[in-house]
Amino acid sequence: MLKAGIKRNKIIRGIILYAILSIGAATMLVPFIWMLSSSFKSLNEVFVYPPKLFGEKIVWQNYKQISSRFNFFSYFCNSAIVSAWVVVVQVLTSATAGYVFAKLNFKGRDKIFILYLATMMVPFHVTVITNFLQMSRYGLVNTLWSLMLPASVSAFGTFMMRQFFITVPNELIESAKMDGCNPFMTFIMICFPLAKSTIATLAIFCFMNTWNDYFTPLVYLNDERKYTLPIGLAAMKGMYSTNWPVLMAASVVAVFPVLIAFLLAQDAFVKGVMMSGLKD
Amino acid sequence: MERTAQVKRTPKKGALKRDDGWAWVMLLPNVIGFLMFMLIPMVATFVLSFMEYDMLSAPKFVGLQNYKDMIEDPITRQVTWNTIVYTILTVPVGMVLSLLLAVALDSINYLKRFFRGAYFLPSITSMVVISIVWQWIYNPEYGLMNFFLSFFGVSPKKWLTSSSTSLISLAIVGIWKRLGYDMVIFLSGLQGISTNYYEAAQLDGANKFQIFWHITIPLLRPTTFFVFVMAIIGSFQVFDQVQLMTQGGPGRSSSVLVHYLYQNAFQYFKMGYACALAYLLFAIVLVLTVINMRTEKKMRETF
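Which chain is which? The protein sequence lines are X and G, in order.
Sequential numbering from 0 applies to the first sequence in numbering that gives the first Met the number 0.
Sequential numbering from 0 applies to the second sequence in numbering that gives the first Met the number 0.
The set of hints was computed from the structure by calculation and includes no laboratory data.
Computed from a predicted model, the values in this text were never measured in an experiment.
We put the CB at the ideal spot given by N, CA and C, even for glycine.
Treat the hints with care, since some could be wrong.
Unchecked claim - Some but not every residue of chain X turned toward chain G, in silico, with C-beta under 10 Å: (1) Pro50; (2) Ser67; (3) Gly97; (4) Asp212; (5) Asp266.
Claimed, not checked - Here are the simulated BS3-like cross-link-like pairs (lysine-lysine), alpha carbons at most 25 Å apart as the crow flies: (6) X:Lys195 / X:Lys176; (7) G:Lys269 / G:Lys67; (8) G:Lys156 / X:Lys51; (9) G:Lys207 / G:Lys111; (10) X:Lys106 / X:Lys176; (11) G:Lys207 / X:Lys6; (12) G:Lys296 / X:Lys110; (13) G:Lys59 / G:Lys269; (14) X:Lys51 / G:Lys157; (15) X:Lys9 / G:Lys111; (16) X:Lys51 / X:Lys63; (17) X:Lys225 / X:Lys63; (18) X:Lys9 / G:Lys207; (19) X:Lys6 / G:Lys296.
This is chain X alone, in the form it adopts within the complex:
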């Protein structure tokens, strides 16, 4: 009798847990589902009250309009260029410096590294004003360089890579040295390949942040042809604030790359976010 009671309690508890989680998940997913379904609706159907999840028929036209009525393709390409640069360059500079901080012995190393750590808590807004003034002096405002150059180096990325290289056994590096490798060769041939999963985590995290970044392009770009996706999309929203189906279609396309990356590497995403939170 007692056992049956415990079992029944367990089932009830399970039902409650899944019910709570499902309600929560629905709250998270409904806006996305609505975005997707609205992107296939006709213009009239989004104004229907009470709102309906599905339209009468699928309107592919919305997806054609995002490129015919806006420079959407150019926004997408600009975002791709900036993201590709930032991911590749930031991973390279972070991995190299992370390795140096972890495994090379030089004067002032710990002091410099602590300086890097200390800047991680500095809000972005503290540096963006004078960075903007600097960029405008070099004539780089309104070019993609203004987004790519400052993001080429990251204290957080350097910290993350160092945390990994610290775990590489010294014996490995010593034996490479015996075989005549200089520190740079040891790094490239031996340690860099070992860091694959940390590099993947950093790359994905970096890609997501750059692809989604709204503040930086808002500050630096004012020529519509230079716009990246977030700011281009925001401009579309400003111009055609009531053409919801086209805006939703554009949103779906904008989310797509990050979503694919997320579905392929959910664990790396979660790890990256956790590292970013636990950086102190």
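Take the given structure of chain X and dock chain G to it, following the hints.
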């Protein structure tokens, strides 16, 4: 603290041959970028906060004038207050919800990845996309929010376009976007609690709620505190949804610190004043970080 511990764990001086030359060659690209885009701008912003500069005429030294203006400026007071209200609206609710979801997610076996992915989705989505969808949800005439609330007998609201609900509307979006992020951190905290505690409590005949209240909550305290501080720091820097959904309006009803900073720097071109605001923000974040580090240290000693 972990940081100092790790710094100490690196090889001692003399244990390895010095490689200053190689170190600097390899470090150079990173250090140049770090100096140019981080360290020098940080110092420059501080210097500029004592100046008046509109990008047209040369900067003029004005001493503490910007900071004095900041204290007297009623708008600064209003936006700081709005930022605090936004923090109060988002942080406690967000923390309770994310903790409950993390505990629920931690105790199920099936569909774990699906749920985690679903909750995490808003965290990886651009705020621009989120603002488009939520502006439609908040639409007073045909939006989903009023429709949904009508089932509970709530009268239709104007959400983003009324000064009494604009900040709350932004806070709801803020909570919704951040929930999965905090949940993941709580989840890793929960996984760090040894199962011994739970087993011992179960032997003593504690029920699930007692275990949650007397075991999980106290042992999770370092994580909870960490999430708390991080959430406050994050909400003090809120900007994207404000700029995208209300532009701080109607009036100044949803304008926050970073929004006002942005306006001063890039719309009014009052660079010196914007720099002073940036350092106000920095000071707040700094205080929170120091409290966080101190408390973390204390907690590590107790647990």
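Each hint, compared with the structure:
| no. | hint | result |
| --- | --- | --- |
| 1 | Pro50 | holds (6 Å) |
| 2 | Ser67 | violated (19 Å) |
| 3 | Gly97 | holds (9 Å) |
| 4 | Asp212 | holds (8 Å) |
| 5 | Asp266 | holds (9 Å) |
| 6 | X:Lys195 / X:Lys176 | holds (22 Å) |
| 7 | G:Lys269 / G:Lys67 | holds (15 Å) |
| 8 | G:Lys156 / X:Lys51 | holds (20 Å) |
| 9 | G:Lys207 / G:Lys111 | holds (20 Å) |
| 10 | X:Lys106 / X:Lys176 | holds (20 Å) |
| 11 | G:Lys207 / X:Lys6 | holds (14 Å) |
| 12 | G:Lys296 / X:Lys110 | holds (21 Å) |
| 13 | G:Lys59 / G:Lys269 | holds (12 Å) |
| 14 | X:Lys51 / G:Lys157 | holds (20 Å) |
| 15 | X:Lys9 / G:Lys111 | holds (18 Å) |
| 16 | X:Lys51 / X:Lys63 | holds (23 Å) |
| 17 | X:Lys225 / X:Lys63 | holds (21 Å) |
| 18 | X:Lys9 / G:Lys207 | holds (11 Å) |
| 19 | X:Lys6 / G:Lys296 | violated (43 Å) |
Violation of the numbered hints given earlier is confined to hints 2, 19; the remaining hints are satisfied by the structure.
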